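Undergrad: These are the residues of each chain, in order.
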Amino acid sequence: MEDMSAFPLEITGEDVPMVSFRKVRKAYGSLVVLDNLDLDVAAGEMVTIIGPSGSGKTTVLRMLMTLEQINGGVIYVDGQPLTHMSKGGTLVPANQRHLRKRRADIGMCFQHFNLFPHMTALENCMEGPVQVLGLPKAEARARSEELLELVGMIDKKDQHPSRLSGGQQQRVAIARALAMRPKVMLFDEVTSALDPEVIGEVTNVIRKLVSEHNLTMLMVTHQMGFARDISDRVCFFYDGKIEEQGKPADLFGNPKRERTQQFLSAVKEAV
Amino acid sequence: MSFFEFVSVYWPRLLTGTGITVAQFFLSAIFAVLLSLAFGLMKMSSNRAVKGFAVTYIEIFRGTSLLVQLYWIFFVLPLFGVTLEKFTAGYVAIAMNTGAYGAELVRGGILAVPKGQWEAATAINMSPAKRMWRIILPQALVNMLPPWGNLMIEVLKGTALVSLISVADLMFQAKQINASTYLSAQIFGTALIIYYILARFMLTPFMRWLEAFMSRKLGKA
Ligand SMILES: Nc1ncnc2c1ncn2[C@@H]1O[C@H](COP(=O)(O)OP(=O)(O)OP(=O)(O)O)[C@@H](O)[C@H]1O
Ligand SMILES: [Mg+2]
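Protein chains in written order, with this note's numbering: chain C, 1195 to 1465; chain V, 2 to 222.
Simulated from the structure, these hints should not be mistaken for laboratory data. Note that the structure is a prediction, hence the values are computed from the model and not measured. Among the hints, a few may not be true.
[Stated by the list, open to error] Looking from chain C toward chain V, a few residues come up when the C-beta cut is under 8 Å (computed):
1. Ala1200
2. Phe1201
3. Pro1202
4. Gly1283
5. Phe1304
6. His1306
[Claimed, not checked] Just a sample of chain C residues kept apart from chain V, beta carbon distances all over 10 Å, derived:
7. Glu1196
8. Arg1219
9. Tyr1222
10. Glu1239
11. Asp1272
12. Met1302
13. Glu1321
14. Glu1339
15. Ser1356
16. Thr1397
17. His1407
18. Leu1409
19. Pro1449
20. Leu1458
[Claimed, not checked] Capping the alpha-carbon separation at 27 Å, the derived lysine-lysine pairs in DSS-like fashion look like this:
21. C/Lys1402 / C/Lys1435
22. C/Lys1435 / C/Lys1331
23. V/Lys218 / V/Lys116
24. C/Lys1402 / C/Lys1377
25. C/Lys1377 / V/Lys116
26. V/Lys116 / C/Lys1350
27. C/Lys1377 / C/Lys1462
28. C/Lys1217 / C/Lys1377
29. C/Lys1217 / C/Lys1441
30. V/Lys87 / C/Lys1351
31. V/Lys218 / V/Lys131
32. V/Lys158 / C/Lys1351
33. V/Lys116 / V/Lys44
34. C/Lys1450 / C/Lys1435
35. C/Lys1331 / V/Lys52
36. V/Lys131 / C/Lys1377
37. C/Lys1450 / C/Lys1217
38. V/Lys176 / V/Lys87
39. C/Lys1217 / C/Lys1331
40. V/Lys176 / C/Lys1295
Glycine included, each C-beta is placed from N, C-alpha and C at the ideal position.
Looking at chain C on its own, in the form it has when it is part of the complex (with noise of 0.2 Å):
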């Protein structure tokens, strides 16, 4: 059993990061795939996790969206801990009750974008407002129609998700996404399975999402350009660690670690 008396029952005080990962494990069998991760990222920063296949950063993201457990470790969100919940003065694992009270802080993005396919584009958004936050239909449909608008998708409102490009899919997940008023967005490598000609209309919608609207961001990406654009922060993942971070210019233009460097130039290389 571990120790909880080492995690504090919430984290208060100045700078109370959005979200912090502490001494977080996750092993899938006896594969551990991360290894007493500390991860905090501030409110209204944008990291981006980069790394090769495998070393656990899509991990980092489902564990925080709650569909992964943990095996070890706690994370916090907006300094209220997500995984566990205070019990006679300890930490014990959070029941489904817990998850969902603090899970509508979060939102995700997936590769596969995982519209509804038997609703429209405005119907997937309108989903959770209405059925999850309990909003009146008309209040969600004008801030679905204000997202989809934002993401420029509100001409292909009534469309069903099968009569859509991989892109526009991908506007409307995040629109779906944002509807339900996040406070953090996870973005899994949300343009690795569309066609190189529609990438730019996706990742400049989260452009303008860095730049106008106060949202915490954790992404995982390949576009080593991109990343370089718009993060705060970049974590070099390897082998379930953070091997290296930094701000994007110090960590692609001066990178310390041989492996951030091989990594790096084998990146450079594919292109």
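Given chain C, put chain V with the ligands in place with the hints provided.
TA: Chain V with the ligands only, in chain C's frame:
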């Protein structure tokens, strides 16, 4: 007696019989769908008692013959104080038998919905019940409609067994007419044709239409 003379004399009884057959079919089908949903979901439950109950039901009703189940429900259950009218016993037996097969279809249909759909629903913080009802089941339904079409044909054919507990369906009327007239070829030939028309020209086109309708709703067509 020509075939047309035969039909002109006996059509009222054949018609009431067909009416009963159709009624048995609809009632069986409706309850079978409900049982399939309930037991299909229960079999996927993480609660072991719930799951065990569903597995037992499915095993028993798939592993034994419909006719024996029908006799049990009509002749044996009264010994335990549960007496069903023959008409009710008929469709209850068929529905329970079909429900056991349908439960597997429901389970298979649900499992065929991509994992990403569950995750996207969780990511917008849906409750498990809403996720199932609003996101997963509608898609599962489309996956499982084709096999449901086959199952419904089996239900229709299965209704003929209720004649054995004297429900006055098409088969029962045919046997009665046969017993009094010995016009076996005409009467059973007519019954055959009626069953065929019901299956091929009513049920099958309806299921096709339903499949097309559902995939249109999914924006697939
Ligand atoms: N459900 C699972 N069961 C077993 N192992 C898993 C599972 N999901 C991920 N893994 C393993 O965990 C490790 C990290 O996976 P993860 O998906 O986080 O990598 P990644 O950095 O996102 O890679 P990629 O760039 O290919 O997307 C990999 O070795 C992977 O095989
Ligand atoms: Mg990944």
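Undergrad: Output the indices of the hints that this structure fails to meet, ascending.
TA: 1, 2, 3, 4, 12, 13, 15, 21, 22, 27, 30, 32, 35, 39, 40
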